[in-house]
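Input sequences plus hints: build the corresponding full structure.
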Amino acid sequence: MTTSRNELVPALGTPVSETPALEVRGISVAYGERAILENVSLTLERGELVSLLGLSGSGKTTLFHVISGLLRPDAGSVWLEGREITGRTGEIAYMLQKDLLLRHLRVVDNVALPLVLRGLPRARARAEAAQHFADFGLEGTQMLYPAELSGGMAQRAALLRTWLVSGAAMLLDEPFSALDALTRRQLHGWFQGKRGELGLTTLLITHDIDEAIYLSDRILILGGSPASIRAEFEIRRPDAAEGEDFATSAAYLGYKRRLLQALDGVRGG
Amino acid sequence: MKRPRSTATSPFWRLVPWLAGILLLAVWQLVSGLGLVPRFLLPSPADIALALYQDRLLLLRHLRTTLLEAGLGLAAGVVLGFFLAVVMHRSRLLRELLYPLLLLSQTVPTVAIAPLLVLWLGYGILPKVVLIFIVTFFPMTVSLLGAFAAVDPDEIRLLRAMGADDFMVFRAVVWPSSLGAFFSALRVSTSYALVGAVIAEWLGGSEGLGVYMTRVRKSFAFDRMFAVIVLISVLSLGLLGLVKLLQRLLMPWERRGSAAAAGEDAWLNNGG
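Residue numbers (the working numbering), protein chains in the order written: chain A, -5 to 263; chain B, 2 to 273.
Pairs of lysine to aspartate or glutamate residues, derived as EDC-like cross-links and limited to a Cα-Cα distance of at most 20 Å, are as follows:
id, chain 1, residue 1, chain 2, residue 2
1, A, K188, A, E39
2, A, K250, A, D204
3, A, K250, A, D202
4, A, K188, A, D129
5, A, K92, B, D153
6, A, K92, B, D155
Part of the chain A face toward chain B, derived, beta carbon under 7 Å:
id, residue
7, S62
8, L64
9, T83
10, G84
11, Y88
12, L90
13, L94
14, R97
15, H98
16, P108
17, L111
18, Y139
In case anyone wonders, no lab produced these hints; they're calculated from the structure. We put the CB at the ideal spot given by N, CA and C, even for glycine.
Here is the structure:
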């Protein structure tokens, strides 16, 4: 497989099989008088995709800011493979809503940017980034500028950039929400494939219930004011052989109904 | 209202902007040449061209001085304007403190302080450079400040999440996003610099296009007067063209063309 990260990316400690990839313990955040998050805890096992589902303004993005180190929580801690990383940036790869490719950098330099920020010489960072372009369906786009990419390509480039430095886990904040429905569907399928192939460990923010069911192993519902985790659903997908039917299966609809009920409950409370 | 069809590419429409100028020159030549207006008051375009040619060596010498002053003043204005913008961007205290002062500095008329500068700093090159600095740093500082503040906060957040420090955030996001504003300001400052140099030279000195201008005016050599005006205009256009060229070179992503798409680097062939 060509897509194994090599030693160029700083290793993030030796993996210990029992420790979860990512652990968030009792996070509370308040802006002045207003409490945003209260005692939020979650764990992410290796290779797992967990979705955070919640209404707008439920504190999902605040939680991501805490996990990525952009924001120091008032209480609680964040652990990556057993190491505490609370309040430290650059530890966990974070992809924001928009693709946020910098328009003045060529695509390859955009993807290589986090490697450069980690101290890799530019040429090596470029070479390292370029190595994975084909795997992310980006062959031939290295020397283009972001403005010359299609929406799906830009999103894949941003994903590649995130994955390159993702070490143990990555945070995706509505990575597909800016795309049109067809491209999004396409990208979902592609992403599921990549996930299996690379064993990605992902925490995903979404407000798209279908996306959450389609992609997740587990779904956490964040809600209330201040927000906390209100419900947890485990999604059991049929085997890959019949996987294509999942989106229209009775099981799928069952999940959707339960999720909608849970979300309504959160809103009521 | 009728709109012309296919205006963009046809050679006719490309010629139109030149027509008015050519017509103006022709009328001017006729009016002067036929003696409708005395030639010492309004020399004909041909007279001006001749004066330009005859005085070319002298003009060249004066030109060198003016360009040196404009260049030094502009460089000082751009560099200090840039640093002032950076400092004011980073510190709210300095921003609030200096901004009114900055605005105030621009209400002082250039022509009024130029004689003072000459009094304080002598007849040499220094008062000119200082005057040019005063008129050029302001557009730079103000537009850069605006551009720095307008950077997408999400882009900054992304860089921060990647572990970038303030300097890296500035280098990778804030500065490149502000390049467009920088070049707009540079265009304004460049034309200010040239005009500033000439005005400063009017008030004293031994060399420079402004000095030359004062001398030919005093001797009523209006053909030479016009010649130097033409020279300054052409120079202005040339410098602005240079800035435009620089912008094209330094902001390749602004060119949408697929020229940038051709992967020319060797590593691509090796690595891909």
